[in-house]
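Build the full structure now, drawing on both the sequences and the hints.
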Amino acid sequence: MTPQSGPIGMFCRIYSILLYAYPRDFRLQYGIAMQQVFRDRCRDMVRASGRLPKLRFAAHIAADWLTTTISERAVAVWSAGRKKTPRNFVTEWAVTIAIYLFATTTLVQAYVVPTGSMEGTIRVGDHMLVDRLTFAEPGTIGPHILPYREPERGDIVVFLYPEDIRQTYVKRVIGLPGDRIRLDEQQVIRNGRRLIEPYVRHIATYPDAYRDNFPLSPEASTTPRGRDMLERHVLNGEVIVPPHTLFVLGDNRENSEDSRYWGFVPRSYVVGKPLFVYWSYDAPTADLTDWTLDHVLDVAQHFFTRTRWERTLMVPRSQTGQEAGGAQ
Amino acid sequence: MAQPKLSHEQGPLSPPVFHILLALAGEERHGYGIMQDVAHQTGNALRLGPGTLYGCLKRMLAAGLVEESDERPDPALDDERRRYYRMTPLGKRVVHAEAKRLFGAVTAARTKLAGGDA
Chain A
1 MTPQSGPIGM FCRIYSILLY AYPRDFRLQY GIAMQQVFRD RCRDMVRASG RLPKLRFAAH
61 IAADWLTTTI SERAVAVWSA GRKKTPRNFV TEWAVTIAIY LFATTTLVQA YVVPTGSMEG
121 TIRVGDHMLV DRLTFAEPGT IGPHILPYRE PERGDIVVFL YPEDIRQTYV KRVIGLPGDR
181 IRLDEQQVIR NGRRLIEPYV RHIATYPDAY RDNFPLSPEA STTPRGRDML ERHVLNGEVI
241 VPPHTLFVLG DNRENSEDSR YWGFVPRSYV VGKPLFVYWS YDAPTADLTD WTLDHVLDVA
301 QHFFTRTRWE RTLMVPRSQT GQEAGGAQ
Chain L
329 MAQPKLSHEQ GPLSPPVFHI LLALAGEERH GYGIMQDVAH QTGNALRLGP GTLYGCLKRM
389 LAAGLVEESD ERPDPALDDE RRRYYRMTPL GKRVVHAEAK RLFGAVTAAR TKLAGGDA
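If you read the protein sequences in the order shown, they are chains A and L.
Take the first sequence: its position 189, counting from 1, is numbered 189 in this note's numbering, and each next residue is one higher.
Here this note's numbering = 1-based position in the second sequence + 328.
To be clear, the hints were calculated from the coordinates, so they are not data collected in a lab.
Be a bit skeptical, because a hint or two may be false.
Pairs of lysine to any residue residues, derived as SDA-like cross-links and limited to a Cα-Cα distance of at most 25 Å, are as follows [stated by the list, open to error]: (1) L:K386 - A:Q35; (2) A:K54 - L:R375; (3) L:K386 - A:V77; (4) L:K386 - A:D131; (5) L:K386 - A:L28; (6) L:K440 - L:P340; (7) L:K386 - A:T67; (8) L:K386 - A:I14; (9) A:K54 - A:D131; (10) L:K386 - A:K54; (11) L:K386 - A:G31; (12) L:K428 - L:E356; (13) A:K54 - L:D365; (14) L:K386 - A:A300; (15) L:K420 - A:V77; (16) L:K386 - A:E310; (17) A:K54 - L:A404; (18) A:K54 - L:P340; (19) L:K386 - A:I17.
Computed beta-carbon distance windows for the label pairs [to be verified]: (20) L:A427 - A:G9: 37 to 43 Å; (21) A:I32 - L:A367: 20 to 26 Å; (22) A:G237 - L:N372: 52 to 58 Å; (23) A:H127 - L:S397: 37 to 43 Å; (24) L:S397 - A:Y20: 40 to 46 Å; (25) A:Y278 - L:N372: 47 to 53 Å; (26) L:D407 - A:R194: 49 to 55 Å; (27) L:A367 - A:E150: 33 to 39 Å; (28) L:T370 - A:G192: 52 to 58 Å; (29) L:L441 - A:A110: 41 to 47 Å; (30) A:D298 - L:A367: 24 to 30 Å; (31) A:G192 - L:A373: 49 to 55 Å.
Yeah, the Cβ is synthetic: ideal placement off N, Cα and C, and Gly gets one too.
Structure representation (structure tokens):
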């Protein structure tokens, strides 16, 4: 009856935590039934294919939860205001706020894209929600709570920039541990097979021997981690991805600072995967990382004209490159 | 159980309440059964989330429109026990009154709009 009890079990556990945002009486009265209903809908969802229905389901559940926790609380406060002590409500609201914080920090995270290295797929100024669950490492919250999976080739990942973890980057996974990677005339050769990558943009710039034929002819602009990669992980003109790391490249292949320059991404630096774009605003890179007064004024003045409305709710998709001339 | 002060006396029912009553018109259902039936009635236009569903049921119970029948497993789903709901005689009167009111509204709209078109 439940072929994918793993993720469903996890979603149900999360939902049971979210139920604590409801007033205590309501939760005790209906919590179990609400979990049953939620699980039944999850099962239906698993049968439906495609990502959009699942997103819509998640959005619907989130909206339902948000509006009804507020309205049930308002009712509880109103009806109790006439009889009981107010102290309960302070603690009750504190719990609710804690749950809201849990939802916005553990489950999802907002992220703005400051550079064009994924142009073609993700644009400068895309504000998106990042799903922090899927790639969460087992053990961060508890191995049984999360239906995590390992990042796969072709996945877009959001991660902490290894050279400076205050920055967050987004790139596409090209190599998993053990993969042999090189570039030949801007084309990725993975494990000896040429990749056909429909998502890649080749926006012509000056030729660059290192960038286009990685990892040949090492250059000076690599970082310490990049040099370490070239010294210790190159064999026969190919980089071999070490355990517990990922090799990532930008889709805007010729204008991307990626694993070619600063090495591998440790698995533990992966934050999550992009869920959808909630707001896309045309602004220069510097303004997106820091909210200056100028930027606030700029947004206030140009909100309607510079917002790229067509990108709202866009889902950046995983897409695996086809390996040319090879078996699966 | 039924309180004299009823929300339906003050005005029309909210769409979720109306459709939940319709779902319970023929038979007793549990929460998910109600949700599915409402989606079916409305051609998937109205999908009730768990919070909306049980928030409505709570108020409808308090108003005496529905009552809990018993707790038993649904053979179609799994062996877990679920709480079933059924409509009270009062609920039946209210849903009839609401359907009549809506019918009147639709008739009025039809007459007006048909006059405008033709």
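| request: With a cut-off of 25 Å on the C-alpha distance, tell me whether L:K386 and A:G31 pass. | output: Distance of about 12 Å is within 25 Å: holds.
| Is it true that A:I32 and L:A367 lie within 20 to 26 Å of each other by Cβ? | About 22 Å separates the Cβ atoms of A:I32 and L:A367, which means 20 to 26 Å holds.
| task | Take a look at whether the Cβ-Cβ distance between L:T370 and A:G192 falls inside 52 to 58 Å. | result | holds, 56 Å
| Range hint compliance [Cβ, L:A427 to A:G9, 37 to 43 Å] | holds, 41 Å
| query | Is it true that L:S397 and A:Y20 lie within 40 to 46 Å of each other by Cβ? | reply | violated, 29 Å
| task | Compare the distance between the alpha carbons of L:K386 and A:V77 with 25 Å, and conclude whether the hinted pair is satisfied. | result | Given pair L:K386, A:V77 holds - Cα atoms ~16 Å apart, limit 25 Å.
| query | Taken at face value, is the distance from the CA of A:K54 to the CA of L:K386 at most 25 Å? | reply | With Cα atoms ~28 Å apart, L:K386 and A:K54 exceed 25 Å; violated.
| said: Can you confirm whether the C-alpha distance between A:K54 and A:D131 stays at or below 25 Å? | reply: Distance of about 13 Å is within 25 Å: holds.
| task | Quickly compare the C-alpha distance for L:K386 and A:Q35 to 25 Å and report which way the hint goes. | result | Since the Cα atoms of L:K386 and A:Q35 sit roughly 16 Å apart, the hinted pair holds (cutoff 25 Å).
| query | Given the hinted pair L:K428 and L:E356, is their alpha-carbon gap at most 25 Å? | reply | holds, 23 Å
| request: Return holds or violated for the Cβ distance of A:G237 and L:N372 against the range 52 to 58 Å. | output: holds, 57 Å
| message | Between the beta carbons of L:D407 and A:R194, is the distance compatible with 49 to 55 Å? | response | Holds, at about 54 Å.
Hint check: violations occur at hints 4, 10, 14, 15, 16, 18, 23, 24, 25 and 30; the rest are consistent with the structure.
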